[in-house]
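Take 0 as the starting number for the sequence shown in numbering that gives the first Met the number 0 and just add one per residue.
Keep in mind that the hints were calculated from the coordinates and are not lab data.
Accuracy of the hints is not assured; some may be wrong.
In the SDA-like style, the derived pairs of lysine to any residue whose C-alpha atoms are separated by at most 25 Å in a straight line are [as the list claims (entries may be wrong)]:
#	residue 1	residue 2
1	LYS794	GLY120
2	LYS280	GLY120
3	LYS18	GLU100
4	LYS622	ALA723
Here are the computed distance ranges between Cβ atoms for each label pair [said to hold, decoys possible]:
#	residue 1	residue 2	range
5	SER170	GLU202	49 to 59 Å
6	ASP481	PHE8	22 to 32 Å
7	GLU365	TYR387	23 to 33 Å
8	GLU737	LYS522	32 to 42 Å
9	LYS410	GLN192	29 to 39 Å
10	LEU158	GLN30	42 to 52 Å
11	GLN376	ALA770	52 to 62 Å
12	GLU163	SER92	36 to 46 Å
13	ARG448	GLY736	50 to 60 Å
14	GLY209	TYR387	13 to 23 Å
15	PRO754	ALA717	18 to 28 Å
16	ASN806	ASP772	40 to 50 Å
17	GLU365	GLN30	52 to 62 Å
18	LYS400	MET210	34 to 44 Å
Computed from a predicted model, the values in this text were never measured in an experiment.
The C-beta atom is built at its ideal place from N, Cα and C for all residues, glycine as well.
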Amino acid sequence: MKPTQQKQFDKTAFQNSVKKHLTSTYATTLQTATSRAWYLAMGRALAELTTFDLLETEHDEKIRHAKSVNYLSLEFLIGRLTGNNLISLGLYSQVNDAMNELGQHLTDLLEEERDPSLGNGGLGRLAACFMDSLAAQEFPCVGYGLHYEYGLFKQSFALGRQQEAPDAWRSVEGYPWEVARPNLAQEIGFYGQVEVYQENGEERRRWVPGMTVKAMPWDMPIVGYESDTVYPLRLWECRAIAPFSLASFNNGNYFEAQHALIDAGNITKVLYPNDNHEKGKTLRLMQQYFHSAASVRDILRRHEEIGHSLESLPDYETIQLNDTHPTIAIPELMRILIDEKGLSWDDAWRISSKTFAYTNHTLLPEALETWSEALLQHLLPRHMEIIYQINHLFLKEVREKWPGDVSKQRKLSIIQEGFHRMVRMANLSVVGSYAVNGVAALHSNLVKRDLFPEFHELYPTRLQNVTNGITPRRWLKFCNPDLSELITSKIGDQWPTDLDQLEAISQYADDPQFQQQFMAVKKANKQRLADWVESNMGIVLDTNAIFDVQIKRLHEYKRQHLNMLHILSLYHRLLNEPDFDMAPRVVFFAAKAAPGYHLAKEIIYALNKISERINGDPRINDKLKVVFIPDYRVSIAEIIIPAADVSEQISTAGKEASGTGNMKMALNGALTIGTMDGANVEIREEVGDDNIYIFGLDVDQVEALHANGYNPYDYYHADPLLKASLELLLGDEFTPGEPGKLRVTYDSLLDGGDPYLVLADFAAYVQAHEAMDRQYRDQAGWAKKAILNTALVGKFSSDRSIRDYVNNIWKLEAVKR
Numbered sequence: 000m001k002p003t004q005q006k007q008f009d010k011t012a013f014q015n016s017v018k019k020h021l022t023s024t025y026a027t028t029l030q031t032a033t034s035r036a037w038y039l040a041m042g043r044a045l046a047e048l049t050t051f052d053l054l055e056t057e058h059d060e061k062i063r064h065a066k067s068v069n070y071l072s073l074e075f076l077i078g079r080l081t082g083n084n085l086i087s088l089g090l091y092s093q094v095n096d097a098m099n100e101l102g103q104h105l106t107d108l109l110e111e112e113r114d115p116s117l118g119n120g121g122l123g124r125l126a127a128c129f130m131d132s133l134a135a136q137e138f139p140c141v142g143y144g145l146h147y148e149y150g151l152f153k154q155s156f157a158l159g160r161q162q163e164a165p166d167a168w169r170s171v172e173g174y175p176w177e178v179a180r181p182n183l184a185q186e187i188g189f190y191g192q193v194e195v196y197q198e199n200g201e202e203r204r205r206w207v208p209g210m211t212v213k214a215m216p217w218d219m220p221i222v223g224y225e226s227d228t229v230y231p232l233r234l235w236e237c238r239a240i241a242p243f244s245l246a247s248f249n250n251g252n253y254f255e256a257q258h259a260l261i262d263a264g265n266i267t268k269v270l271y272p273n274d275n276h277e278k279g280k281t282l283r284l285m286q287q288y289f290h291s292a293a294s295v296r297d298i299l300r301r302h303e304e305i306g307h308s309l310e311s312l313p314d315y316e317t318i319q320l321n322d323t324h325p326t327i328a329i330p331e332l333m334r335i336l337i338d339e340k341g342l343s344w345d346d347a348w349r350i351s352s353k354t355f356a357y358t359n360h361t362l363l364p365e366a367l368e369t370w371s372e373a374l375l376q377h378l379l380p381r382h383m384e385i386i387y388q389i390n391h392l393f394l395k396e397v398r399e400k401w402p403g404d405v406s407k408q409r410k411l412s413i414i415q416e417g418f419h420r421m422v423r424m425a426n427l428s429v430v431g432s433y434a435v436n437g438v439a440a441l442h443s444n445l446v447k448r449d450l451f452p453e454f455h456e457l458y459p460t461r462l463q464n465v466t467n468g469i470t471p472r473r474w475l476k477f478c479n480p481d482l483s484e485l486i487t488s489k490i491g492d493q494w495p496t497d498l499d500q501l502e503a504i505s506q507y508a509d510d511p512q513f514q515q516q517f518m519a520v521k522k523a524n525k526q527r528l529a530d531w532v533e534s535n536m537g538i539v540l541d542t543n544a545i546f547d548v549q550i551k552r553l554h555e556y557k558r559q560h561l562n563m564l565h566i567l568s569l570y571h572r573l574l575n576e577p578d579f580d581m582a583p584r585v586v587f588f589a590a591k592a593a594p595g596y597h598l599a600k601e602i603i604y605a606l607n608k609i610s611e612r613i614n615g616d617p618r619i620n621d622k623l624k625v626v627f628i629p630d631y632r633v634s635i636a637e638i639i640i641p642a643a644d645v646s647e648q649i650s651t652a653g654k655e656a657s658g659t660g661n662m663k664m665a666l667n668g669a670l671t672i673g674t675m676d677g678a679n680v681e682i683r684e685e686v687g688d689d690n691i692y693i694f695g696l697d698v699d700q701v702e703a704l705h706a707n708g709y710n711p712y713d714y715y716h717a718d719p720l721l722k723a724s725l726e727l728l729l730g731d732e733f734t735p736g737e738p739g740k741l742r743v744t745y746d747s748l749l750d751g752g753d754p755y756l757v758l759a760d761f762a763a764y765v766q767a768h769e770a771m772d773r774q775y776r777d778q779a780g781w782a783k784k785a786i787l788n789t790a791l792v793g794k795f796s797s798d799r800s801i802r803d804y805v806n807n808i809w810k811l812e813a814v815k816r
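My request is simple: use the sequences and hints to build the entire structure.
Now the structure itself:
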């Protein structure tokens with residue numbers, strides 16, 4: 000922190016501000032205030048500092064006239080802000096002292112904060128890391144998301160089964176770090192019809208919406224590390240414009256009186272509603288358009304307020320689409336430029352196509368977003384017209400490139416033909432963007448080779464790679480303070496903004512004293528996690544055991560059920576092989592299954608029932624324990640990741656675009672067991688073959704096995720350990736008196752065809768674990784590998800990712816304040 004900024008912190012003024020908020024904002028007294036009230040008052044007092052810097056940054060003439068990136072994402076898993084912001088502000092120790100004098104412990108107050116529930120997985124966590132790195136390096140930016148009233152859901156378990164409850168993350172008091180910006184509100188339309196009219200002898204078109212709502216912005220501060228720069232994460236909340244009809248109410252029609260309010264409130268009520276029914280699909284598309292339209296209007300407002308011409312929009316603004324959820328922003332910008340600003344199609348397209356860039360996050364066909372043409376036509380009639388015109392002009396290009404090749408036109412068309420015509424949002428994103436990137440070297444190559452080969456041939460410079468990264472401020476300095484202090488004692492304190500400096504730690508990898516210090520930190524972090532598990536779940540853990548961790552969304556391609564089969568194999572061997580020996584092991588899971596994903600929920604149920612049985616089986620003698628931590632979120636990850644010895648990154652090769660949990664755990668000294676998938680490939684390049692455990696089929700072998708006709712029964716009958724492990728799911732070993740309760744997973748792997756090749760990779764996975772088990776018994780050798788993992792993953796800083804975007808795609812300049 001700059002010395003001048005440290006002087007600016009007036010402890011007495013801060014304490015007075017906290018006390019003022021206790022009484023005037025939260026109507027309590029020093030004597031009666033709860034810990035939660037103290038946390039809220041402290042948060043408000045701190046937010047006053049960041050809101051001042053936010054406004055100063057916003058009105059800084061140098062920044063207003065610089066090029067900025069607008070990061071559009073329907074998810075931002077930012078985690079709890081208070082502790083992280085104190086680190087970035089350089090005020091952690093000063094605020095700790097100030098609160099101590101008021102009789103409060105900062106660490107206790109930080110626990111009162113609920114994670115802002117604005118995402119459900121890696122996409123949202125990545126967006127948060129990118130915003131942190133943009134602010135830390137002082138690149139002008141605005142993040143645009145939605146202000147969900149409820150997050151994905153709050154997860155609990157009842158009799159082993161996932162239960163979903165609304166996640167009211169803001170609570171009744173609101174969230175202290177957010178600030179309403181009503182003067183920046185926008186009006187957004189839906190439904191209605193397109194009118195044709197004459198202007199200056201020319202036929203023109205305009206959309207007349209049938210329903211209009213208000214987009215109310217809330218700003219959260221993204222605090223630049225050790226600088227005065229604060230950029231906004233702007234979250235749109237949907238409100239009714241006329242929320243209440245007094246006439247209807249007076250006539251006794253109470254429901255009708257609030258109809259507009261109810262309709263509007265639903266749009267930002269909850270993150271990604273289930274869309275396996277028509278109303279869910281409509282609401283999700285409304286969310287996407289509401290988000291995109293409000294953001295595009297705000298970007299144009301900023302641009303024009305400064306006095307810039309519309310033609311110069313690409314010179315001053317880039318709009319980055321984080322996956323296809325904001326793709327409808329492309330026809331929205333075209334609509335505004337043509338219908339509202341009066342530009343010709345060609346001029347509008349010239350501006351729009353140089354403004355948008357698109358990040359692809361998936362190769363899974365079912366995850367590539369498509370929308371029913373009929374639904375789009377009904378909800379956004381003018382946008383559908385514009386999409387038709389974009390597609391018409393694009394297919395002319397395709398015909399010029401491949402004359403007479405109808406199959407190329409069919410594959411590349413934005414409109415997918417069929418019984419129900421669909422709009423392919425990924426194709427629209429590629430056509431309407433000047434740059435498209437994948438998120439790891441392997442993934443980007445597969446995008447070019449398998450997903451968009453014709454697009455790559457048509458636009459050979461458009462498809463690029465930017466390997467994902469993680470912010471070292473939150474994912475080492477904040478979540479692992481003991482390791483951070485140990486690193487700083489050896490190489491100084493500049494590494495949080497230059498993670499490549501960690502390589503200097505590798506010189507201590509063979510140093511017995513440093514190994515001892517490093518492993519003592521790991522042991523303390525394991526104890527912190529064990530304490531959490533005991534107090535919250537009642538399970539007692541041995542911190543000398545291997546802490547084996549798989550934390551990510553529950554999905555077949557991520558293969559939590561492969562990990563489960565390995566647990567069953569260890570259980571079987573412990574009970575049936577007298578000579579079998581293994582280092583004690585605790586296997587941790589944390590994951591949410593999408594509410595409508597039946598098999599994923601059955602895998603959670605199976606893991607919970609297996610955990611109950613194994614943890615209580617005296618024959619196992621505590622050699623093996625299984626812990627499924629409920630309600631996985633950023634603040635839980637901050638406890639688990641520093642404690643991990645083993646990082647499970649076991650997706651089927653070619654299915655995980657990148658992964659960032661793999662980076663976080665390696666940075667914190669865990670050894671990866673993984674497939675040649677996503678960023679695992681690049682982690683292996685950085686840390687070396689000796690310091691990672693790679694197993695299983697690679698992408699080409701996966702494709703060959705599928706092409707030759709994969710039969711899971713061949714593996715089942717050929718491997719006695721696999722067969723015995725799988726058959727444990729059929730009896731009542733884990734569900735006493737109720738045989739067959741766990742057979743859903745068994746059936747999916749055999750009769751269901753095992754689409755993600757769990758059985759094909761099982762034997763190699765077991766062998767990799769055996770090698771890892773042997774290594775763990777040599778603690779000096781293990782410590783060396785763990786230290787080298789921390790030292791050699793500097794490449795995976797999101798600061799480097801952002802520099803790649805800045806240099807290769809966005810073309811921004813840092814603006815120092």
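Each hint, compared with the structure:
1. Under the criterion of a C-alpha separation no larger than 25 Å, the hint pairing LYS794 with GLY120 is consistent with the structure, at around 22 Å.
2. Restraint check for LYS280 and GLY120: the C-alpha separation of about 20 Å stays at or below 25 Å, so the hint holds.
3. For the suggested pair LYS18 and GLU100, the alpha carbons sit about 12 Å apart, so the restraint of at most 25 Å is met.
4. Among the hinted pairs, LYS622 with ALA723 is consistent with the structure: their alpha-carbon atoms are about 20 Å apart, no more than 25 Å.
5. For SER170 and GLU202, the Cβ-Cβ distance of about 53 Å falls inside the hinted range of 49 to 59 Å, so the restraint holds.
6. Between ASP481 and PHE8 the beta carbon distance is about 25 Å. The supplied range of 22 to 32 Å therefore holds.
7. Distance hint check for GLU365 and TYR387: the Cβ-Cβ separation is about 26 Å, which falls inside the suggested range of 23 to 33 Å.
8. Here the CB-CB span from GLU737 to LYS522 is close to 40 Å, well matched to the stated 32 to 42 Å.
9. Between LYS410 and GLN192 the CB atoms are about 33 Å apart, so this pair conforms to the stated range of 29 to 39 Å.
10. The hint said 42 to 52 Å for the Cβ distance between LEU158 and GLN30, and at roughly 44 Å that hint holds.
11. Evaluation of the 52 to 62 Å hint for GLN376 and ALA770 yields a pass: the beta carbon distance comes to about 57 Å.
12. For the pair GLU163 and SER92, the beta carbons lie near 40 Å from each other, so the given range of 36 to 46 Å is met.
13. Separated by about 52 Å at the C-beta atoms, ARG448 and GLY736 satisfy the suggested range of 50 to 60 Å.
14. A hinted range of 13 to 23 Å for the beta carbons of GLY209 and TYR387 is consistent with their spacing of about 21 Å.
15. At roughly 20 Å, the beta carbons of PRO754 and ALA717 sit within the given window of 18 to 28 Å.
16. A hinted range of 40 to 50 Å holds for the C-beta pair ASN806 and ASP772, which are about 43 Å apart.
17. Under the hint 52 to 62 Å, the C-beta atoms of GLU365 and GLN30, about 57 Å apart, fit the expected range.
18. As the Cβ distance of LYS400 to MET210 is approximately 41 Å, the hint placing it in 34 to 44 Å holds.
Going through the hint list in order, the structure satisfies each hint without exception.
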